[in-house]
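As a plain string of letters, each chain reads:
There are 2 protein chains.
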Amino acid sequence: MRRSDGEFALFSSILTQIEKKIEARRGSFRFRPYAIVKLYSHTRMTERTFNFYSGPATLPTPVLEQARAEMLSFNGTGIGIMELSHRSDEFMGVLRSAEQRLLNLLRIPENYHVLFLQGGASLQFSMVPMNFLAGGLADYILTGTWSEKASIRAAEFGTVNVVSSSKAAGYNRIPSSDELRFTPGAQYVHYVSNETIDGVEFPYDLEAEGLPMVCDASSNILSKPIDIEKYSMIYAGAQKNIGPSGVTVVIIKDDLLESGRGRQHGVLSYAAFANNGSMPNTPNTWGIYIIDLVCAWLEEQGGVAAIAEVNRRKADLLYSAIDNSDGFYTGTAEPGARSRMNVTFRLPSEELDAAFCREAQTKGLIGLKGHRSVGGVRASIYNAFPLEGVERLAEFMSDFAGRDRT
Amino acid sequence: MRRSDGEFALFSSILTQIEKKIEARRGSFRFRPYAIVKLYSHTRMTERTFNFYSGPATLPTPVLEQARAEMLSFNGTGIGIMELSHRSDEFMGVLRSAEQRLLNLLRIPENYHVLFLQGGASLQFSMVPMNFLAGGLADYILTGTWSEKASIRAAEFGTVNVVSSSKAAGYNRIPSSDELRFTPGAQYVHYVSNETIDGVEFPYDLEAEGLPMVCDASSNILSKPIDIEKYSMIYAGAQKNIGPSGVTVVIIKDDLLESGRGRQHGVLSYAAFANNGSMPNTPNTWGIYIIDLVCAWLEEQGGVAAIAEVNRRKADLLYSAIDNSDGFYTGTAEPGARSRMNVTFRLPSEELDAAFCREAQTKGLIGLKGHRSVGGVRASIYNAFPLEGVERLAEFMSDFAGRDRT
Chain A
4 MRRSDGEFAL FSSILTQIEK KIEARRGSFR FRPYAIVKLY SHTRMTERTF NFYSGPATLP
64 TPVLEQARAE MLSFNGTGIG IMELSHRSDE FMGVLRSAEQ RLLNLLRIPE NYHVLFLQGG
124 ASLQFSMVPM NFLAGGLADY ILTGTWSEKA SIRAAEFGTV NVVSSSKAAG YNRIPSSDEL
184 RFTPGAQYVH YVSNETIDGV EFPYDLEAEG LPMVCDASSN ILSKPIDIEK YSMIYAGAQK
244 NIGPSGVTVV IIKDDLLESG RGRQHGVLSY AAFANNGSMP NTPNTWGIYI IDLVCAWLEE
304 QGGVAAIAEV NRRKADLLYS AIDNSDGFYT GTAEPGARSR MNVTFRLPSE ELDAAFCREA
364 QTKGLIGLKG HRSVGGVRAS IYNAFPLEGV ERLAEFMSDF AGRDRT
Chain B
4 MRRSDGEFAL FSSILTQIEK KIEARRGSFR FRPYAIVKLY SHTRMTERTF NFYSGPATLP
64 TPVLEQARAE MLSFNGTGIG IMELSHRSDE FMGVLRSAEQ RLLNLLRIPE NYHVLFLQGG
124 ASLQFSMVPM NFLAGGLADY ILTGTWSEKA SIRAAEFGTV NVVSSSKAAG YNRIPSSDEL
184 RFTPGAQYVH YVSNETIDGV EFPYDLEAEG LPMVCDASSN ILSKPIDIEK YSMIYAGAQK
244 NIGPSGVTVV IIKDDLLESG RGRQHGVLSY AAFANNGSMP NTPNTWGIYI IDLVCAWLEE
304 QGGVAAIAEV NRRKADLLYS AIDNSDGFYT GTAEPGARSR MNVTFRLPSE ELDAAFCREA
364 QTKGLIGLKG HRSVGGVRAS IYNAFPLEGV ERLAEFMSDF AGRDRT
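Chains as they are written, first to last, in our numbering: chain A, 4 to 409; chain B, 4 to 409.
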């Protein structure tokens, strides 16, 4: 929402009046100088900063605006959403709404549950084998840092068979389905559909010859249509495409659920969540509320197929900037494995990588430094990241490369 | 913040102008009708609803106001707190601040860590024995629903010795320390310092003859000064006295930490959190931010000793209303075990319990129904619950009892 200088002046005078009234009443409370002023001080800024963080990441501005508006009183209750009992009708309505929106957006069939857990995808690395491996054998496909970490956790609970690993090549590629030979009778096959750190993404829904397929889709869930029926379980930390950190969405097929060690493990059991409407204990109520708002926003954008188009355009802009730079920028992933969510590249030297990120920051392009384990540059451009910010980065890339050459 | 009718009129006219300006710019976005209007519509209400929920529970209004003000731009970054990378300087500053405030408020010595986990106290029921029982024996003291649940989880990982149980008496009392005989060489002793459902609270810091003491203080942490050195570990789901749901605060002594199965279990290991500044993976950043604000508010109130005085006054008001009702209200806990946080009582019949809660609700006193497992009435009055709301309830109790008699 851009505003003219004249409007700012009007706003300022109105705000000064409000502030005076409020300050006069405030008495001794000196928590921090304060609410209303700051509320508008950034609205008065013509734009928000473009934030390329890999997660927690940019959220849709209208979602933040609505959360702000309802902060002290959800739905006219006089009680904020964070203060409502998780068993209240109001919060139960929010949870059911978030669940229903996810069912609709991803066209999830009836023989699946949508669950809201805590602990991030990292806790899933342990919970999946605790519930479904339990001494047996599972196939793991290693395409990056996260799938490798998942396999390490699984090895505590049974035998891990590495079906495929691109580690030696620096996790720069995705195997084709022809390359993969699964273990007959394996408890499940595990893979990560998009590797946030390494910038590689499966361009297809993997199938596993009838074995249960378990997928960590933390960084590309809701970014494109997927064929849910090919999966027995999808899990995703919310903080990239779905909402804030602190909630993990789990989509799980009933037959996998029933095969698990349901009665054990308390809140480490999927069955406990499925049997108690995601509330075997108090969930992250705020996080689920924000997920509901993000899903509503995504519906407004036309749903998953529509946002996939935008995501494709955004990624193409950056990969074109790389490919048209006469080798100044080098994409770290093989072209066929390039992630639409995390665009990773390098400049001719580490010094230039650093100079690039430093200068970008002065232009309001924040969070471009690659993960500390791999270096380079990374632009994370999830669903809520605006096209305009990607255009700005592409321009900056062209400008920076041009200047460095001359 | 109460305002006069004249002020409302002024506000209304100012707001109408703001709304018009914003609506004119809004264009086609029709997410929900909207932000600014609602922002003030409840500020215009003379008060917020009094919310006696047992958790998630009332938060300090200034905390909500600040979170609202900073929603789209934390500390002038143009990025909301939910959107900031957990590795950004800004968020790391928030986490360190929350940690430091807790260290100060509770006077925690240097040989302890303060950690922020996820999964609620319920996950701690499993993590404590996973890390520290591991086939050995631990003593559990059962004083209510939550300590019983903790013991059930522990039995999956070793031998549970029930030192004391008041289950037969309906969990209405707290043992004196004389009554308790611990098992020499036990891995640890576990108890729950306040039972939210049953309304009983330890009036003293329990000691265990040199054994590591592990305490679930979810519902009374920060409500009064405690002697931290008597504990090897204290854990607490945040959603009662510390912040929103979705964060668990763990205070743990270094020697217990070092005795644990540190290298195993990924994010189910305390050592992983201690060794990585609470971030072996992405934490609940929003929840930690709110905790920081709640702790700042508590400092403003004068700290834990000062809030303990207020809590005592609040609880005394309600217990007096019970004791002065000529038997119309019956407290469910023995007088010496009465919780200052969760005041539980019954009326002469279940019908009257229900009528009481129903009528209270019409007077803006929400969330008084007892837990579904025990029935009756429960008023949860944690740190942030205002004295005024307790006074209103005490008045209503007197009024309701008087009318029922006549």
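There could be a bad hint or two in this list.
No copy is singled out in the list; a pair is fine if it fits within one copy or between any two copies.
[Stated by the list, open to error] Okay, derived cross-link-like pairs now, EDC-like style, lysine to aspartate or glutamate, Cα gap no bigger than 20 Å in a straight line:
{"no.": "1", "residue 1": "Lys227", "residue 2": "Asp208"}
{"no.": "2", "residue 1": "Lys366", "residue 2": "Asp92"}
{"no.": "3", "residue 1": "Lys366", "residue 2": "Glu93"}
{"no.": "4", "residue 1": "Lys227", "residue 2": "Glu302"}
{"no.": "5", "residue 1": "Lys152", "residue 2": "Asp258"}
{"no.": "6", "residue 1": "Lys366", "residue 2": "Glu113"}
These are computed hints drawn from the structure, not numbers from a lab.
To see whether the hints hold, each was checked on the structure:
{"no.": "1", "hint": "Lys227 <-> Asp208", "result": "within (11 Å within a copy, 55 Å between copies)"}
{"no.": "2", "hint": "Lys366 <-> Asp92", "result": "between (46 Å within a copy, 18 Å between copies)"}
{"no.": "3", "hint": "Lys366 <-> Glu93", "result": "between (43 Å within a copy, 19 Å between copies)"}
{"no.": "4", "hint": "Lys227 <-> Glu302", "result": "within (13 Å within a copy, 47 Å between copies)"}
{"no.": "5", "hint": "Lys152 <-> Asp258", "result": "neither (26 Å within a copy, 28 Å between copies)"}
{"no.": "6", "hint": "Lys366 <-> Glu113", "result": "neither (48 Å within a copy, 42 Å between copies)"}
The structure fails to meet hints 5, 6 from the earlier list, while all remaining hints are met.
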